[in-house]
Every structure is written in structure tokens, then in C-alpha cells.
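Participant: Chains H and G, in that order, are what the protein sequence lines are. The first sequence begins at 0 in numbering that gives the first Met the number 0 and counts up by one. The second sequence begins at 0 in numbering that gives the first Met the number 0 and counts up by one.
Please keep in mind that the hints were generated in silico from the structure rather than gathered at the bench. Just so it is clear, the structure is predicted and the values come from calculations on it, not from any experiment. A virtual CB, placed ideally from N, CA and C, is assigned to each residue, including glycine. Hints may be right or wrong, so weigh each one.
Covered, in the sense of this in silico footprint (three residues per stretch, anywhere, with C-beta under 8 Å from a C-beta of chain G), are these stretches of chain H [claimed, not checked]:
1) 119-127
2) 133-147
3) 294-301
4) 305-313
Residues of chain H clear of chain G, computed beta-carbon distances all greater than 10 Å [to be verified]:
5) Ala24
6) Leu69
7) Thr152
8) Gly157
9) Arg218
10) Gly242
11) Ile258
12) Ala282
13) Gly288
14) Ala340
15) Ser363
16) Ser436
17) Arg456
18) Val525
19) Gln567
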Amino acid sequence: MLETGEAARPAGWGIGAWVRLAAPALLAACLVLAAPGVIGTYLVDILVRASFVAIAAITVDILWGYSGFLTFGQSAFFGLGAYGLAIVFTGFGFSPTSVALAVTVVILASGAVALFVGWLSFYPGATPLYASVISLVLPIVLVQVLYSGGTFTGSSSGLVGFDSFDLANEDWFRVAGLGLVAVAVVAKIYLSSDAGRILSALRDNEQRCAYLGLDTSLRRILLLVVCGVVAGMAGFGYAAYGGIAAPENASFLFGTELIVMVALGGRGSLAGAVIGALAIEVASAFLSGSLPYVWELIVGIVFIAVILLLPGGLYGGVAHLVGLARRAPAGRTTRLVQAPARPRPPDAADEVVRATGVEKHFGSLTVLSGINFTARRGELVSLVGPNGAGKTTLIRCLADGRERSAGEVQIGGHPIGRLAPDRIVALGLGRKFQAASVFETLSVADCLRIARTRHERPSWFRASPVLALPPAARVVVENAGLAERLHEPARLLSHGLKQALELAMVLALEPEVVLLDEPTAGLTRVERQRFGTILTELVRHDRLCVLIIEHDLDFVREISSRIIVLHQGRIALDGTVAEVVDAPLVREIYTGHGQMAESPA
Amino acid sequence: MGTLLLDILTTAAGLFIVSSGLLIVFGVMKIINFAHGAFITVGAYAALVTYWLAVPLWLSPVIGFAAGAALGAVTEGFIVRRLYRRPLDAILATWGLSIVLGQLVTLAFGRQVQFVPSPLAGTMALLGGDYSRYRLALVPAALVIGVLFTALLNGTRLGLNTRAVILNEGLAQSLGIDSTRVRFITFAIGSGLAAAAGALITPLASVDPNMGIAWLTNAFMLVMVSGGSLLTLAVSCLVLGGLQVLASTFISPILGGLTIAVVAALALRLRPAGFARA
Chain H
0 MLETGEAARP AGWGIGAWVR LAAPALLAAC LVLAAPGVIG TYLVDILVRA
50 SFVAIAAITV DILWGYSGFL TFGQSAFFGL GAYGLAIVFT GFGFSPTSVA
100 LAVTVVILAS GAVALFVGWL SFYPGATPLY ASVISLVLPI VLVQVLYSGG
150 TFTGSSSGLV GFDSFDLANE DWFRVAGLGL VAVAVVAKIY LSSDAGRILS
200 ALRDNEQRCA YLGLDTSLRR ILLLVVCGVV AGMAGFGYAA YGGIAAPENA
250 SFLFGTELIV MVALGGRGSL AGAVIGALAI EVASAFLSGS LPYVWELIVG
300 IVFIAVILLL PGGLYGGVAH LVGLARRAPA GRTTRLVQAP ARPRPPDAAD
350 EVVRATGVEK HFGSLTVLSG INFTARRGEL VSLVGPNGAG KTTLIRCLAD
400 GRERSAGEVQ IGGHPIGRLA PDRIVALGLG RKFQAASVFE TLSVADCLRI
450 ARTRHERPSW FRASPVLALP PAARVVVENA GLAERLHEPA RLLSHGLKQA
500 LELAMVLALE PEVVLLDEPT AGLTRVERQR FGTILTELVR HDRLCVLIIE
550 HDLDFVREIS SRIIVLHQGR IALDGTVAEV VDAPLVREIY TGHGQMAESP
600 A
Chain G
0 MGTLLLDILT TAAGLFIVSS GLLIVFGVMK IINFAHGAFI TVGAYAALVT
50 YWLAVPLWLS PVIGFAAGAA LGAVTEGFIV RRLYRRPLDA ILATWGLSIV
100 LGQLVTLAFG RQVQFVPSPL AGTMALLGGD YSRYRLALVP AALVIGVLFT
150 ALLNGTRLGL NTRAVILNEG LAQSLGIDST RVRFITFAIG SGLAAAAGAL
200 ITPLASVDPN MGIAWLTNAF MLVMVSGGSL LTLAVSCLVL GGLQVLASTF
250 ISPILGGLTI AVVAALALRL RPAGFARA
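Bound conformation, chain H alone (with noise of 0.2 Å):
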């Protein structure tokens, strides 16, 4: 998608890492409780609201810059904030209690409305498109109900003269930009972490994420609510602040001035964000008397001029400029170790596919009808056909549970009933795709930590210097020389290279089976040979049942140990290499009527 966000960041949490983060935190610290008795009261004014919009900002941030997900509706728990305090403080005084209630209903009402919003728009399939669609629509609707909430919410000309908090505005000041900062501090931690990766990896690559296993829906709601609340609190901040909750801070327009924010600053980091926020905030106050409409104007030109030629906005812009050094970081090591054994349940079955009478149709159209197999352990299945068999379908029927139109499958003895791909990914299965499906943003190392998602926890606040892998996998890393790259972008590799990667992180899952959709296609005799042998070493040494499409009938018969032919949607045969490849069928599908296949089917 986008070529956004930091590529490779050090691996490891040394002393120094902690210093380049607190250093820069401390000093913006500093210069927040100096800064009043420097700069005019008209600049802390507007800084106050600034730095509450740049918290805002930092949220949008996140979703957009970091997660992918383009929202314009961070404005809404904005507002929400921003109305939760004035109709608490108008309805019941200004009193401690009444505090402690305002950030009650706040919290509650932010979150509830981000659950709600992620929960529709954040479905297994839905589109980043849909998301969008629904950001967009929320503000419309909450400034509609501001308007029509009679003296509850003060209709048009919102909620004013509320008694609050009794600071001097150099303490706002402070307050406003020590949480700022903090909220900066926190962000920063988290989107550095293993954990925080896992947000680059949703915006570059959902479909993988899913196969790895993430409940990529679930992920995006929560981040969804912790943002919204936020922002919700930033809205607190600046009505108590201000003395007035406006339907204009909750309004598209405002979502949409948020992205402006953040994207002239710089999506995908979090200074960006921080510094794109004040800087608007600051020039619009000081621009827009001398200059109205103009200073708008101006704002827009810069906006298109930025989206056009520096997506990475100007702190992007001025980074890589200036930090072309950062791209030889040093002593950065990530260390590869051995997995710990993960024993096998004494109960496991040794059937782990089993497909019974699977059928597919569009439409009128039939794809797959009457399939019926099983696989065991310690077997390597290929299935081949010539184009159009519906060996893709098949692969995408076994691994989605949404896909087939009649019959059942298990995947490890247990019935995928409508499973999601993540969920039967807990049963056991990986799937590699076709065309090597990576995270292209994000390091060889971050590829595979991701896939181990499901079996170490990662953590939230520091980056691991080591990388635990099962044996398959480590040993497709080293064979593949991966084991040197790891610290470059997946995205730089060869597409041999990636197809190593997208199978090292399958097996990284530990899986019972492997679904291969032509894993050799594109690469060349030697990396074909050596990607055979590991086929062969996962099936017979560590008893992984393999399914794999394929053409290439020699390197089937090399390789297989059984062969499943599909002919027009049916299981036209099923045996042995020996029983198959000389079967007159065979023949007759791939050199009478049908035509050696080398296309993708």
C-alpha cells in the first residue's frame, strides 16, 4: 500500500534506545514547564488548545498512518469529550464528584460509540473503502443529534458559561502539554514494541495477518477504543479548557482538518503528527485574521502539493533528507534461536484434512462438486489439473470456512463449520498464497515475529533482540540465506527470497498442514531443487502433511507421495505417483483436449 512509516527500526532494547526515547521526552518536558514565562499569553492560549488537538492528531495517527485505516471521524470522540464534560459541569455543578463523573461518562461513552463503529466496520472481508464509509459517517450523525438536543446539548450554539476547572493558563499550559507529551511518550513505547509492529503489518497486508492467525478485526476494533478514548479525553481537555463544547468539534470538517494535520506533518510518525497539529493550529490563529481566507487557501494548495509529492509529508520529507545515516543503524542484532518444542497431544489425530462431499458454486456455475479426501501426516499431497480444475478453490475452501457451498471439512480432527481463516489457522493450517504475500514495509525479522503472534505473546513495550523459531522454519531462514537479511525490508527482496520468507513464516506457525498454491512458480531450477528438498526433509522428519499445487509433473513425481488429479471440479483420480502419473487420464488431460498448463489456475 503505502511506502509510509519506518521500515526497519533497531532490534532491541539496549540502554541506548531507552536514552533516544527519553531524551527527546525530557526535553520537551522541560520546555513545556519553561516555556510560560518565555512566550506571550496569546501564544499560550492557542498552545493549550493545540496541544489538545495534537492529541487528537496523534490518534488519527495511529489509525491512518500506522494501521491504514483512513478515518475521518476521530473528530466525533472529540466532540464526545468535548459534550461529556459541558453537559456533566452544566447539569451538576463544577465540584470533584462531578469530575470523576464527566471522565466517567466520557471514557464510557467514547468507548462505547469506538466499539460500535468498529463492530460495523470492522467485519472478517469488510473493505478499508467501508471503514472510511463509516468514519465519514459519524460525526454527520452526532452533529445532527447535538442539534437536535434542544438545551441538553444547546443545539447550533453547543454548551457555554459551565463553570470549570479555576487554573491559570501558564498551569493549563503545562497541563495540556505534559499530557502531550505523555500521550507521545506512550504512543511511541507501543508503536515500537513487537506488539506495536503488528499494526504496520494490518495496514500492509490484512489477508496475511489472518492466515498468521490474528483476529485482524478484533485488533482493529480494540485499537479503535483506545483511540477513540483518547481523543475523547483530548475533547475534555479542550472544552474544559475553553468553556464551550461546540457541534464544530465534533464535525467532519474538524475529522477532516485532522488529517490535513497529520498528513502535512508526516503519517506514520508520530513527531509528524505532533508538530504537523501545532503548527497548523499555531499559523491558523496568527494567519487567519490577517489573511482570511487566504491562509485556508494556502493550506489547501500545500495539502494537494504534499499528498502528490511527499506522501511521508514534510517531517517524512525533511527525515529522509536528513536521516540517510539512519539506514545503517549500528549494532543491530536480532538473534536467532531455536523455538522450544511444542510436544504433540497424545490425542492428535494423524488425519488432519479430511473433505467430505465439498462443493462450490457461482452462481449456476459449479466449481467444485462431490470432493471427497483425506490427508495424514508424513504425506505430501499434490494436486494438479490442468486450468480451471478448481485446484485455488479447493486450497481456499479447505482454509476458509465462509467459502464452500455444501459439505463439511476438519482440519485436525475438528469440523471448520464457517471458521474464519484465522480461527482454522488455530486448528493447524497454514496457507501460503500464490504470489508471495509478506508485510513489505516491514523487516525479514518482523515478518516472522508476527507469525509467531500465536505462540509468544509479544510484548507491548519493548522489542525483543531475539527470534524464536521452530526448526522447519529456521532451517528454510538459513537455507534461503534470510538469516543475513534480516534487518531489510521484506519488500527489498528477490521474489525467491520472498517466497522463502511467506514459507518460513508458515511454518513458524507450527502448522499440522501446509497449503501450497504453486510455490515454485517464478523461480528458478536451483531455488525449484532446493525448495523440493525442504518439501520433502518438513515431510519426512518432522511428519508435516504438505498440500501442494502444481504443474510440473516431474517435480511432482519427484517429490509427492500421493497425487490427487481434479478434472473439471470433480476428483478425477487419487493414488499413488505410480498409479497416476501413467494413468491414460492424465495423458488425455494434459496433452489431448486440455493443454499443459503453465498459467496460473
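Take the given structure of chain H and dock chain G to it, following the hints.
Facilitator: Using the frame of chain H, we list chain G on its own:
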């Protein structure tokens, strides 16, 4: 009852006129033009200028179309063309353009609300009541737009090329179709339609620099629901526009204003690809 029916019909016609340009751009280019609302505004101001210059008012949609198409051509050439591979960024860049156009209009014409008289004043008796003649005229206007477009798509070489690009751009290119040109013309026509729509709706609404934005969200939702087909867009306009009229009449105008957005969002949840292949 008669009035209600006419309300539904004319509302649907207005929505169809306003969204058709957005739909054409989305259908061919798979890009959401967030400057659509600003182009509507431009068309409305074109109608205002037409009125000031005492040019016959029925010409204002034509003048609006020309202004919008010219703007759209420039936009495609300088902005949209570079963002085909970044559809979400195309939304943002066109939104940036709509900020720019809104400010330019404000600088040129001021912020105040202005009015354009209707070329078809008065009412006519229909279905047991008097009904605004101009509102009724929106129905044939919508039909003309729909028919013209179907004819253009199905009866001309350009239309054939366009359909080829919609179905499979890579294949169309390899067959020698200049898809860049198809996109350029499509965007110009879509923008022209937006401005023509702005000119058409001005006699019913006031003119101000931000008027287009209110229309943008409804048009956007309708296009999403329709999934890219002109026929389903017409159906969506009738169904959702009808629900809007019913909600406004029987419950509250505020709820009516939300109907299209909310119903469309829920409909898309059930059917993410829209209803084009229903």
C-alpha cells in the same frame, strides 16, 4: 398523498442528478472524487453569473457543465492522474482541491448566501394539488442525463473503450485503447455533470461557498450503495430518497437528513460491494 409521491419522485431525481457525475468517475476510475461537492458549488455560481449577465437561465446548466468540465480536465491532468495507484490519497487530494475551490469562490463572491430565480416559476396542478413546476422539471432532467449516458456508453466508440477500461484496464491497454485518455474524458464529463447539477439545483436552494459539501456526502453514500451502475444508482436514489422524504415528513426533518447516510451505511454492511450485481 399525491404531494408525497411527487416529493419522493423529485427528491430522487435531484439526488440522481447530483450523484451521477460522481458515479461515472467512480465506475470508470475506481476513484472517489471528493472535489465533487466543490464542482457542484462552481456550477451553482455559474448559474448565479448567468443570472447577473442576464443570459437566459435555462442555459445555466450548459454553462455550468462547460465550467465544470474545464476544471475537471485540469484537475485530472495535474492531480488525479498521479494518484491512480493510491486511491485513498486521491480522496485526500481531491478534498484538498475542494478546500482550495471553496476559498477561491469565497474570495471572488464573498461568504453571503445568494439566490438565483427559477426559470420555471409557479406551480401546476397535478395529482390533486399544486406542485412546483421547477421541481417537476428535475424528473425529465434526470431522465435526460440517464438516457444520454446510457447512449454514450453503449452507442459510441468512446463508450465501448470506456466499458473495456471498466472491465479490464490492463487488457484494454494491451488492445491499444488509450486508457489515460478515457480516464481524462471521464473525469472531465463527471466534473461537468457535477457543475451542471449545481446549476440545476440552485433555484431550489440558496448559493453559498460551502453548499456543495452537504450534497457530497449523500452523493457519496448513494454511489457506494449503487456499486458503480447507473441503473442501481437510479434505484438507490428512489429507495433512499423515498425513505428520506418519509422520515422527514412523518418523524423529523433532522432524522430525514440522516436517513441516506445511515441506511446506506447499514446496507453496505450487509453487502460491501454495493448492489450493482443484485
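Participant: Run every hint past the structure and note whether it holds.
Facilitator: Checked hints:
Taking a C-beta to C-beta cut-off of 8 Å, the stretch 119-127 of chain H contributes 6 residues in contact with chain G, enough for the three needed, and the coverage statement holds. Given a C-beta distance limit of less than 8 Å, the hint that chain G covers the stretch 133-147 of chain H holds, as 8 residues qualify and 3 suffice. A stretch counts as covered by a chain when three or more of its residues have a beta carbon under 8 Å from one of that chain; for the stretch 294-301 of chain H and chain G the count is 5, and the coverage holds. Note: the stretch 305-313 of chain H has 3 residues with beta-carbon separation from chain G under 8 Å; the three-residue rule is met and the coverage holds.
The claim that Ala24 of chain H lies off the interface holds: its Cβ sits roughly 31 Å from the closest Cβ of chain G, which is beyond the 10 Å cut-off. The beta carbon of Leu69 of chain H is not kept farther than 10 Å from every beta carbon of chain G, the shortest such distance being approximately 5 Å. Against the 10 Å criterion, Thr152 of chain H stays outside the reach of chain G, whose nearest CB is about 12 Å from its own CB. The beta carbon of Gly157 of chain H sits about 16 Å from the closest Cβ of chain G, which is more than 10 Å, so the claim that it is off the interface holds.
Distance check for Arg218 of chain H against chain G: the nearest CB is about 19 Å away, which clears 10 Å, and the non-interface claim stands. For Gly242 of chain H, the condition that its CB be more than 10 Å from all CB atoms of chain G holds, with the nearest at approximately 27 Å. At the 10 Å boundary, the C-beta of Ile258 of chain H falls inside the reach of chain G, the nearest C-beta of that chain being 7 Å off. With a least CB separation of 15 Å from chain G, Ala282 of chain H remains clear of the 10 Å interface cut-off, as annotated.
Non-interface call for Gly288 of chain H relative to chain G: holds, since the shortest CB-CB distance, roughly 15 Å, exceeds 10 Å. Chain G leaves Ala340 of chain H outside its interface by the beta-carbon criterion, the shortest separation being 42 Å against a cut-off of 10 Å. Ser363 of chain H, annotated as away from the interface, keeps every beta carbon of chain G farther than 10 Å; the closest lies near 14 Å. Look at Ser436 of chain H: its CB is around 19 Å from the nearest CB on chain G, clear of 10 Å, so calling it non-interface holds up.
With a cut of 10 Å on Cβ distances, Arg456 of chain H stays outside the contact zone with chain G, its closest approach being about 32 Å. With 10 Å as the threshold on Cβ separation, the claim that Val525 of chain H sits away from chain G holds: the shortest Cβ distance comes to roughly 31 Å. Its beta-carbon lying about 25 Å from the closest one in chain G, Gln567 of chain H satisfies the requirement of being farther than 10 Å from that chain.
Of the numbered hints given earlier, the model fails hints 6 and 11; all others are met.
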